[in-house]
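Starting from the given sequences, assemble the full structure and let the hints guide the process.
Heads up: the sequence lines are chains A and B, in that order. Numbered per this note's numbering, the first sequence finishes at 588, counting up by one with no gaps. Numbered per this note's numbering, the second sequence finishes at 411, counting up by one with no gaps.
One should not assume that every hint holds.
Partner residues are not named here, just some residues of chain B that face chain A (Cβ under 10 Å, in silico) [stated by the list, open to error]:
{"id": "1", "residue": "Gly-131"}
{"id": "2", "residue": "Phe-134"}
{"id": "3", "residue": "His-142"}
{"id": "4", "residue": "Met-143"}
{"id": "5", "residue": "Leu-153"}
{"id": "6", "residue": "Ala-200"}
Calculated from the structure, these hints are not laboratory results. Heads up, the beta-carbon is just placed ideally off N, CA and C, and yes, glycines get one too.
Listed below are the residues making up each chain.
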Amino acid sequence: MPIFRLLLGLPLGLVLVGAVAYPSLILVWHAFARDGRPTLANLAAVLHDADIWRVLWNSVHVSVWATLLGGAIGTGLAFLVARTDLPGQRIFRTALMLPYLIPPFIAALAWLALAGPVGFVNQLWMAVTGVEEPLFRIYGAPGIILVMALAHYPLAYFTVLASLERMDPALEEAARSSGASPARTARDVTLPLVAPAIGAGAILVFLRCMENFGIPAILGFPAKYFVLTTKIYATILDFDRAHNLGLAATLSLLLVAVAAAILALQRRILGGRAYGLTRAVGQPPIFSLGEWRRTVGIGVTVFLLVTSVAPLLAILLTALTRAYGMPFGWSNLGLQNFHTLFFKVPVVWRAMGNSLVLAASAATFAVVLAILIAYVQVRTRARGKGLLEALVILPFAVPGTVVALAMILAFLRPVLGLSLYNTIWIILVAYVARFLTLAVKPVAAAFTQVHVSLEEAARSSGASLSRSVRDITMPLIRSALVSGWFLAAVPAITELTLSVLLWSAGNETIGVMVFNMHEEGKVLLSSALAVVVMAVALTSNLLLRRLTSGLAEA
Amino acid sequence: MPAVELQNLWKDFHSVPAVCGIHLSVQEGELLALLGPSGCGKTTTLRTVAGFEVPTAGEIRIRGKTVSGPGHFVPPEARNVGMVFQSYAVWPHMTVEANVAYPLKLRGVPPAERRERTRRVLELVQLPGLEFRFPHQLSGGQQQRVALARALNMEPAVLLLDEPLSNLDAQLRKEMRLEIKALQRRLGITILYVTHDQEEALTMADRIAVMGSGVIHQVAPPEEVFEEPADRFVAEFMGCTTFLPCEVAGVNRVRLLLGEEAPTVSCPLPSGVSGRGVLGIRAQEAHLIRDGSEALTGRVTLRTYRGGSFEVRVQVGKHVIPLITTTPLREGDTVQFALGPVRFFPDVSCAIPGEVPQATVM
Chain A
35 MPIFRLLLGL PLGLVLVGAV AYPSLILVWH AFARDGRPTL ANLAAVLHDA
85 DIWRVLWNSV HVSVWATLLG GAIGTGLAFL VARTDLPGQR IFRTALMLPY
135 LIPPFIAALA WLALAGPVGF VNQLWMAVTG VEEPLFRIYG APGIILVMAL
185 AHYPLAYFTV LASLERMDPA LEEAARSSGA SPARTARDVT LPLVAPAIGA
235 GAILVFLRCM ENFGIPAILG FPAKYFVLTT KIYATILDFD RAHNLGLAAT
285 LSLLLVAVAA AILALQRRIL GGRAYGLTRA VGQPPIFSLG EWRRTVGIGV
335 TVFLLVTSVA PLLAILLTAL TRAYGMPFGW SNLGLQNFHT LFFKVPVVWR
385 AMGNSLVLAA SAATFAVVLA ILIAYVQVRT RARGKGLLEA LVILPFAVPG
435 TVVALAMILA FLRPVLGLSL YNTIWIILVA YVARFLTLAV KPVAAAFTQV
485 HVSLEEAARS SGASLSRSVR DITMPLIRSA LVSGWFLAAV PAITELTLSV
535 LLWSAGNETI GVMVFNMHEE GKVLLSSALA VVVMAVALTS NLLLRRLTSG
585 LAEA
Chain B
50 MPAVELQNLW KDFHSVPAVC GIHLSVQEGE LLALLGPSGC GKTTTLRTVA
100 GFEVPTAGEI RIRGKTVSGP GHFVPPEARN VGMVFQSYAV WPHMTVEANV
150 AYPLKLRGVP PAERRERTRR VLELVQLPGL EFRFPHQLSG GQQQRVALAR
200 ALNMEPAVLL LDEPLSNLDA QLRKEMRLEI KALQRRLGIT ILYVTHDQEE
250 ALTMADRIAV MGSGVIHQVA PPEEVFEEPA DRFVAEFMGC TTFLPCEVAG
300 VNRVRLLLGE EAPTVSCPLP SGVSGRGVLG IRAQEAHLIR DGSEALTGRV
350 TLRTYRGGSF EVRVQVGKHV IPLITTTPLR EGDTVQFALG PVRFFPDVSC
400 AIPGEVPQAT VM
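Encoded structure:
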């Protein structure tokens, strides 16, 4: 069926080559070329720059500390939730997802509202003590580490929790029967068995910290504290510097190399130690907290109130403040900022429209491609399936800043007569490439579950190929398509890292709006818009969750 | 003194009863099989003995010592009860030796003795030389033996086995039955064995406790449970596939009610029984006869070959009776046959416990 193959292969090839392979190669080329000739000048310039080494150190420094802190918090909470009689389990299970649902740059803004130089805590501290010095300095490494750890610990929490819940309870019961106390069981059996999950969770946190742009941008720029992602951003925008894009490309490869090295290290360490703990039947043994039960419960509650609720409350209050810098009080609260935002700043509506349209169209493209990709992966014996998979994962596996730079380099000049740069299309291409893998996962899973014999039964009943796909396959994978669409659309709505480098006048996204307003020092307006973004992120995520959990039950 | 004693043991899950006031004692050196369909409460019973479930009411004594009773609960690690799990629960991060030696390590046995005892017990379960393998390098059957060795190594007061053979293939299962039985004889250990497989229970157990819906229907040696099931539930579990309506027609005689035909057959009856009931029949026990006073006549409706013999279905009136024979009958043949030993269950026991609507809890 050559036509069938062409129909399948052409759009796939076009997108994967145009949006992934070509930009990747261009990025590598620019890292090792100047003025169209191959050279190691960019590499030399980067390696001889003491500033770059400090930036690299900063990246590793904040990521390692945020990983240790976030990993410890996530692991500890997972143990408390899965293996102890912690009171209020059900509420905690939901509440611990909260930081995961809020875009990191919004979290950074919220922390700024709470603990920034003129945040509520410092204001209160200075008012109460009369001291001129703020209590916290949130700008710079400590603040970045703290906010990164608190934004990313859910990744460690989910990973360890899943491992604890998948573990066969009999493994721990066998230790108890052998004569081990609950504490001894935890030490000898539970902990060694979840160690690979703790490691995997920590790696996830580390990679997210390394690639994060929003937090170090918001909390690092004022202190002139740069990490790799923000340095790449600054280098791209440093138009006066010669070969700035080439240098940025070299930095990008450096960033990818660090991430890849960490992943390789994880494979080395954990390679032989991933236990197939997938036979959970019955209740795992519960470690009684005894007299500490109440104290621990209160501790977790306070932790959540301070780390999740307080920053959100702070940014909400900032958004509701009428005049910035005036003493806090009921008379200084109102909806004025929201009014200004929605009725005086026309760009806001445009940005929201752009974000929604971009997210919806990127998700639609992604789902259509996902069907083709899943079909090829699951149903055909086509050669190069490994390459296909790699191209799908690549734009999500590398930092967003790198993806954005690759897009700039690839589409700076018209390609095949199409000029994408400075248009909304370059953002769309970037989004499709970046979020494609999110849509592919559920669709490929659905294809795997819909056994080919179901289609074959339709064929032998007399249905044509297209008829059997329409009558049998499509209805069975429809729910996966819907969840794939939402999985790709939800992160796209509040996206910042890509669009902050790819936007142009008239083509702002809502994330870019918040970021720019913040950079321009419009604290009240950026807070108000951040609250809007937060509301959008929370509702869309809850919608997604309801949708996907409903599908899991069906 | 019994090794294990359960007195009026109750266990509710969210106020749904799983075990309803059972009494049971396991003698020292005995292999007692707790047999029943899934959801009958047998695993729950076992887990209360192990200490993984806290009974709602009742008392559990191990070697005379109360481990669970009103206001009193001994945690699993202090009961010295060895357990072999259905999933084996061999720790994947430890070698075979570390797995098997773990109970000894906890009991402070010095390393040299630990190693020696572990070596011996591995020999006992026929796993010598695999000390330094990891579980993922072992087959399912070998993991099973590691789990058994680990439980034996602690010289438990009682060994609890929870469907230990259900994840093995048929051939290996048969081998392991004999092996566990031989081991139990040789070491004189006490075993409480949970299974839903009647053949397993019959071949291995010294006594069988048949359980259904949280109550024990019968506790007796295998032959007795098989030959003289206490009620219809036990009979069904012991392979009585067909139940025919009948009524008492005299001393040790019942009349079958099969539509137009109403032959009487002899059947052991408890004294003073009367009225209607059912007769339990096994296909293996029904047999063809040329003629006789108790012969039934019917027509063969289906014949299947089962290797060396045939199973035929014989239609008598509105009822179908299966029988196994080596005579190559054809479908449509009219045959005369006897039911063999039959068991009468009065109407009161017609309410099959297994059929009573119940929450299935394990």
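Hint check results:
no. : hint    : result
1   : Gly-131 : 6 Å, holds
2   : Phe-134 : 4 Å, holds
3   : His-142 : 5 Å, holds
4   : Met-143 : 8 Å, holds
5   : Leu-153 : 9 Å, holds
6   : Ala-200 : 7 Å, holds
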